[in-house]
Amino acid sequence: MFTFTPQNLQKIEALKSRYPSPNALALPLLWMVQEQEGTISLEAMEAAAPFCDLPPIELYRIATFYTMFKLAPTGRHHIQLCKTLSCALCGKAEILAHLQERLGIGVGEMTPDGRFSLEQVECLGSCGTAPVMQINDVNFENLTPKKIDEILKALS
Amino acid sequence: MIEIFVNDQSLHVNEGVLLIEALIQNRIDIPYFCYHEALGMDGNCRMCMVGIEGQKRPQIACDTIVKAGMRVHTTGERIEDVRRRILELELVNHPVDCPICDQAGECKLQDFYMDYGLYDSAVSKGEKVHGAKHVDLGANVMLDQERCVLCARCTRFTCNITKTHELGIIGRGDHARISTMPGRKLSNPYAMNVVDLCPVGALTSKDFRFAQRVWFLSSTPSVCHSCAKGCNIFIDHNAPKYQKERIYRFRPRRNDAVNGHFICDAGRLSYKSLNDHRLTCNNPDAMDRAKALIQAAHNIALLVDANLYCEQLDALVAFAQRIGAQLYCPNQCYYDEGFGDEWLRRPWRAANLAHINTLGITQSTPSEAHDLIISFNHPDLSSLTCKHKIAFSTHEGVEADVVLALRSWAEEAGTLINITA
Ligand code: SF4
Ligand code: SF4
Ligand code: FES
Ligand code: FES
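If you're matching them up, the sequences are chains A and B in order. This note's numbering applies: residue 1 is where the first sequence begins, and numbers increase by one. This note's numbering applies: residue 1 is where the second sequence begins, and numbers increase by one.
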């Protein structure tokens, strides 16, 4: 059974006053669920639905629309490699091939031990230091295969 | 009333109506997927583009309110080009499997393609994004995600009309598709209406699919007999080669004073009982035996079904007088409290109880004193005991001294009085 933590419940209360309609809480609620649980389960969507006065199917629609919401588990280190123009021009393909080889997984997959998962994403807003990837909330810039090896090693 | 001009023809339309409504009411051809008279506008399909003088770009007719003096064009090279392009986008990932699609023949996508499409596709079949082809949504509704044009009629029905919220469009872009929550089913007593609402073959009825090509069916306007509401329906029927005439489906027939555009699933599926176990012929001596029983009887009860038409009931009143019988219509067997709801369904599950009331027919069980019961299709005859019984019946399996075949309501024309309140 999913329940929000007391801290999150407090946050929800505080957010309520910010919006004209509780419907607007849908996105913050989904974020909270994801931060709290790692993934967004069906039970969590059902539990969150009354807070934003929406039927659960609407939360499910939102959660499937935005790729940053995870309905399936990701690895402990979730790698998001930028695939947009600047990064693509600056060698993303090579970085991706290297990541896949080192981790032994493809895009959208997770290592069997659950440590790493790999995903390609749109522009991470750091084009000046392309190619870029993000592991959980941290950006890694000016990537080269050598740098990848070091980063992965440090995480081991 | 205000005057507008469509293709240079003057039309007088009500103030404040949507342009698409004005066009539909005046029978001017306008293609559309997402607009629906019962669901309103949504503006998502863009099929309803028209040219409006003074506006630079084509506009959608479903989101335009008519204005006095407005000059609208629904034809012309520019508009047709726009429509062709929109259709081409709709069909980018469409599987074009009309030969195996149940909607073929009553599909808007097919119709519009033949009217406005007819382009050479720029997309090769191999590059299409595929979706799930056989999703059992529940409630007899099958979903083919690839055929969907994302008009959101089905989701607006479950969201705004039944308010049961089972369906939604999930994902985005090429991968957007109709779905329920995982593990959940479409389940409400009106769910099958989404099959009629769906303009394409994305939602089909599990009950009807692959049974008949729609162009072989004849439609007869009628009224549902499954409850006192009297929803207006079409009976779609056909006699396939070497087979007896069969009913293949009921569809709602629009009547804003009764059922609007919709019917309930129980009513929709009630056609089945009209096909099977029918009594169609009499024993050669049945008439003579019935006559003898009537002549010998001293105290006759005439039992009438509350689904008979007014004309039939009126005739039976006269008949009862003639043979000195007492009329009854025991009504408890028609009452099903759980069936009633706030929308269409009524707990009284017979079509003409109102006329039984008007005629003042006794609605309790006949007294034991009768030595003969003549039943006209009353469903509860078997629970009554009597020395002799004559049964006029539409269906087999009735126990009586003499059984005579009766035509079903679908085979007769007549008048019904419904309960709309
Ligand atoms: S399934 Fe049919 S009614 Fe529903 S969105 Fe798709 S095309 Fe429209
Ligand atoms: S509500 Fe009653 S009359 Fe209408 S379709 Fe259902 S059973 Fe038939
Ligand atoms: S394109 Fe990669 S960070 Fe902007
Ligand atoms: S009917 Fe107007 S946009 Fe769909």
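No wet-lab data here; the hints were simulated from the structure. In this text, a Cβ means the ideal position worked out from N, Cα and C, and glycines have one as well. A portion of the hints provided could be inaccurate.
One side of the interface only, derived from the structure: several residues of chain A facing chain B at Cβ under 10 Å [what the hints assert, rightly or not]:
1. I12
2. L15
3. P55
4. E58
5. A63
6. F65
7. Y66
8. R115
9. F140
27 Å max Cα-Cα, derived DSSO-like pairs, lysine-lysine [what the hints assert, rightly or not]:
10. K11/A <-> K83/A
11. K206/B <-> K70/A
12. K272/B <-> K291/B
13. K185/B <-> K83/A
14. K16/A <-> K163/B
15. K128/B <-> K67/B
16. K128/B <-> K163/B
17. K70/A <-> K108/B
18. K128/B <-> K70/A
To give an idea of the interface, some chain A residues facing chain B are shown, with a C-beta separation under 10 Å as derived from the structure [unchecked claim]:
19. L27
20. P56
21. T64
Do the hints match the structure? See the list:
{"no.": "1", "hint": "I12", "result": "violated, 22 Å"}
{"no.": "2", "hint": "L15", "result": "violated, 24 Å"}
{"no.": "3", "hint": "P55", "result": "holds, 4 Å"}
{"no.": "4", "hint": "E58", "result": "holds, 7 Å"}
{"no.": "5", "hint": "A63", "result": "holds, 9 Å"}
{"no.": "6", "hint": "F65", "result": "holds, 5 Å"}
{"no.": "7", "hint": "Y66", "result": "holds, 8 Å"}
{"no.": "8", "hint": "R115", "result": "violated, 27 Å"}
{"no.": "9", "hint": "F140", "result": "violated, 27 Å"}
{"no.": "10", "hint": "K11/A <-> K83/A", "result": "violated, 34 Å"}
{"no.": "11", "hint": "K206/B <-> K70/A", "result": "violated, 34 Å"}
{"no.": "12", "hint": "K272/B <-> K291/B", "result": "violated, 33 Å"}
{"no.": "13", "hint": "K185/B <-> K83/A", "result": "violated, 37 Å"}
{"no.": "14", "hint": "K16/A <-> K163/B", "result": "holds, 25 Å"}
{"no.": "15", "hint": "K128/B <-> K67/B", "result": "violated, 42 Å"}
{"no.": "16", "hint": "K128/B <-> K163/B", "result": "violated, 34 Å"}
{"no.": "17", "hint": "K70/A <-> K108/B", "result": "violated, 37 Å"}
{"no.": "18", "hint": "K128/B <-> K70/A", "result": "holds, 26 Å"}
{"no.": "19", "hint": "L27", "result": "violated, 15 Å"}
{"no.": "20", "hint": "P56", "result": "holds, 6 Å"}
{"no.": "21", "hint": "T64", "result": "holds, 4 Å"}
Hints 1, 2, 8, 9, 10, 11, 12, 13, 15, 16, 17, 19, counting from the list given before, are not met by this structure.
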